[in-house]
Amino acid sequence: MHRFANPTQFMRIANAIFPWVAGLAVILFVIGLPIALVTSPPDYQQGETVRIMYIHVPSAWLALMVYGTMAGGSAAFLIWRHPIANLTAKAAAPMGAVFTGLALVTGMLWGQPMWGTFWVWDARLTSFLILFFLYLGYLALGDAFEDSERGDKAAAILCLVGSINIPIIHFSVTWWNTLHQPSIMKLGGDGVKSSVDGSILLPLFVMLGAFTMYFFAVLILRLRSELLAAKIRNARLSQAAVGDALGQAAE
Amino acid sequence: MSVFTTVLARDLRLALRQSADSLTVIAFFAIATVLFPFGIGPEANILARIAPGVVWVTALLAALLSLDRIFTVDFEDGTLDQLILSGAPLPVVVLAKVTAHWLTTGVPLIIMSPVLAVTLHLPAEGYVPLMLALLLGTPTVSLVGAVGAALVLGTRRGGVLLSLLVLPLYIPVLIFGTAVIEGAITGVPVTPLILAGFAILALTLCPWAASAALRQAAE
Amino acid sequence: MVRLMVEKTFTAQTFSGANLSCRRGGRLVFAGLHFAVPPGGALILRGHNGSGKTTLLRLMAGLTPSSAGHLAWDGQAIDDPDAHAARLRFVTHLDAVKPALTVAENLSFWMSLWAGKTNESALQKSLQAFDLKRFETFPARLLSAGQRHRLALSRLLVAPAPLWLLDEPGNALDDASLAALARAIADHRASGGQVVIASHGSAFVDDGMTLDVGAFTPTTAAHWSEEE
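Keeping their order, the protein sequence lines are chains A, B and C.
Taking the working numbering, the leading residue of the first sequence gets 1, the next gets one more, and so forth.
Taking the working numbering, the leading residue of the second sequence gets 1, the next gets one more, and so forth.
Taking the working numbering, the leading residue of the third sequence gets 1, the next gets one more, and so forth.
These aren't lab readings, by the way, just hints derived from the structure by calculation.
The beta carbon of each residue, even a glycine, is placed where N, CA and C say it ideally should be.
Watch out, some of these pointers could steer you wrong.
[As the list claims (entries may be wrong)] Some chain A residues judged to face chain B by a derived CB distance under 7 Å, without partners named:
1) F145
2) P167
3) I169
Could you put the whole structure together from the sequences, leaning on the hints where they help?
Shown next, in the form of structure tokens:
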């Protein structure tokens, strides 16, 4: 465990992985984007709008996976006081919020031709809207303390509370949705199930892979810059401490 | 006296001596509910349709405004440090404080709710389910709210932040709380037991989460 | 002189800390700090502003975790914060006094929390020790800052605990109250208890050990991101 707790060691591993992850992301995007957006056939029911799904589904998948990553990191931070785990959760959070936002926006764009309106209280969209608020809360809490270390722990606890609540919220929203709107066309996962077709699955999986690799690549970059920032902050503080000590010696 | 009753008795006594705080929460509940007819119009059938949701939403907001009472003063005057150092299990202390909060805000909200429901023309068969739903739902509101209140201790703009943290977590209670009332009105009953289930789940998890938050606030 | 606590003798145990370091806000406050307070002993914490006296006291109380080193009671490393909390009283710069409760109610709350019951004679003794008897039934909001602080100090006596941690206990006190505090500390030590006092001014004891926390302020802070 402590082998990974050492940031220098961690960065060595992360730096070794980075070119592979980043390269894979680029390759998958280069393959996936043209297939998904141009060459794959339009859906017999949804027409060209089905292409939104190739952005929407990976975004939605990452919105959840990032929260899972954050929950894992927060738990490791609270239990083992593992600084890298905390940094991972913190670095992943803004990306999770962006992916959730992207899933919402693409969901709305898909909804316009399908439902004739940009917003329908569809169970999935509603759940993602609430998830978006959970991300905002996490980011706001982490940023609300003068002492950033305090914010770290508070945000970690909030993240775990949220991760217990997400299934409950999703269950409640789904139940509420069936109560009020018995039948509307579902976006994303169910759409895939209703027409399991290689022509859709291939670009979908390539895009899922591309998004996931992109997330890991950016995560490593963000972690690297966080660690460097911590180093700089520390160098400044020890400089200030030396100055303070000199000042007192002179008094 | 046990730790639980000692802390509960003290918080109840404090709330009684500062009863204006509880009354303010009730007054907020009333004024916020009364705003809806002005915004929507006084038509009885429309108000009756939205009454369960309006009462629940305003009750949640009223409870939200009272949450900072649970820990903020104790945090600022040094009582929290002493409570953590009391040697007593902190989750028990938290549970006692949450119970006091529920008794001094949740219960008055429940008692007040039928009066406000009258102004919204809630159908007669909705009153008992309304109070039952609030009775089973407000403990969860206090428990989850306590975790949020503990997390925002020592932050800038704690109140606004608190609403961002806890309101999303209140959505399940709101959904089922409203559904219980509407179910009774429309004749498709929804079991209130699910609200009790939420309360039990919150009871088993929230005191520990709030304790962890309090300990890090005191560091 | 009223000997308050002679009847209660604490089982003799040493409170010690080894190689303590503390980091706050990414800054190393102090490092490599050692201390040991034997039964009946007193430790005076000195140091300039920001040297970490309060942080050290909070660390000794188990509120703030140390980033290195450990605390020990009777040579055993302290790993249960609640068990440690039960044997200490901590007077911070915040008085933890509830303005809406009377002076007696304020005291009896802590007494029943710490001792599990209220004991009228111990309550009266605590009130008398810091000359608060006259205010017994007053709501605490009528007290002056100095009187509130005396109320906080009188909490030390409502339920016995061997380890007293006092953060600037002389603040806002008049001469008579300072003398009362010195007497309470002397009685506590005579019955086998120990005190740790962070103080700029009067130390309240003649024979205490002194620890200059400022001397442990590291000039070059090693960060965890450095190679170790």
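message: Which constraints among the numbered hints does this structure fail? Numbers only, ascending.
response: Structure breaks hint 2 only.
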